[in-house]
Amino acid sequence: EAGVAQSPRYKIIEKRQSVAFWCNPISGHATLYWYQQILGQGPKLLIQFQNNGVVDDSQLPKDRFSAERLKGVDSTLKIQPAKLEDSAVYLCASRPQGGTYEQYFGPGTRLTVT
Amino acid sequence: GEDVEQSLFLSVREGDSSVINCTYTDSSSTYLYWYKQEPGAGLQLLTYIFSNMDMKQDQRLTVLLNKKDKHLSLRIADTQTGDSAIYFCAEIPQTGANNLFFGTGTRLTVIP
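Chains W and U are the protein sequences, given in the same order.
This note's numbering applies: residue 1 is where the first sequence begins, and numbers increase by one.
This note's numbering applies: residue 1 is where the second sequence begins, and numbers increase by one.
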């Protein structure tokens with residue numbers, strides 16, 4: 001079974017530029033998450049999707065971050081405009097329906113804002 | 001759920017046991033998890049424990065849960081150099097949409 005795929009793996013941009021990340025969850029997983037992991041910290045949830053609907057985006061800085069999952073499969077996370085403090089690893093995770101709620105993580109995209 | 005606490009660093013010698021500790025926040029959390037993160041990689045689920053259990057053993061891994069003190073630990077027997085990584089505990093508090101709250105992570109260094 002293929003895991004969660006993310007691209008790009010690395011991205012360097014200047015502040016005030018925009019950037020987009022892509023995630024393809026494990027096939028059949030209805031729930032998809034985006035996390036931000038700042039160096040030296042644990043991941044923090046940005047947004048949760050159930051199919052193509054948003055379940056929780058309370059921690060998403062909506063003035064600059066947006067995310068979508070139009071067909072309930074792939075998802076994109078966008079930052080516009082980026083700030084220095086957005087430098088982090090952006091992790092995508094998915095989980096199947098029910099069970100013990102464990103999430104399966106992709107390798108992440110490391111963003112550096114200069 | 002935002003204050004799941006872990007010590008930052010742990011060093012052990014190869015072959016010894018490692019014990020990584022975590023204090024979580026919500027006594028009503030139903031599941032508690034341990035994830036492993038190797039350099040440049042995403043998080044890998046190691047094991048989980050249901051809140052009605054005190055202990056769970058899975059090969060070299062033993063999870064102990066003390067609900068009264070909201071304390072979770074992960075013991076790795078016969079620690080190997082390949083176990084060097086950052087270990088995160090995580091809880092799902094009763095409030096919210098079954099989302100994970102992670103600790104700060106413990107960096108385990110195994111000395112050959």
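If you're looking for bench data, these hints aren't it; they were derived computationally from the structure.
Treat the hints with care, since some could be wrong.
[To be verified] Label-pair ranges, simulated between beta-carbon atoms:
id, chain 1, residue 1, chain 2, residue 2, range
1, U, R60, W, R64, 40 to 50 angstroms
2, U, T109, W, K71, 40 to 50 angstroms
3, W, D63, U, N66, 33 to 43 angstroms
4, W, I12, U, N66, 19 to 29 angstroms
Note that CB positions come from ideal geometry on N, CA and C, so glycine has one too.
message: Against the range 19 to 29 angstroms, how does the distance between the Cβ atoms of I12/W and N66/U compare: consistent or not?
response: Violated, since I12/W and N66/U (Cβ atoms, about 45 angstroms apart) do not stay within the stated range.
40 to 50 angstroms as the expected CB spacing between R64/W and R60/U, which holds or is violated: Distance hint for R60/U, R64/W holds at roughly 44 angstroms.
task: State, for the Cβ atoms of T109/U and K71/W, whether the hinted interval 40 to 50 angstroms holds or is violated.
output: holds (44 angstroms)
message: I want to verify a distance hint. Is the separation of the beta carbons of D63/W and N66/U within 33 to 43 angstroms?
response: holds (42 angstroms)
Of the numbered hints listed earlier, the single one contradicted by the structure is hint 4.
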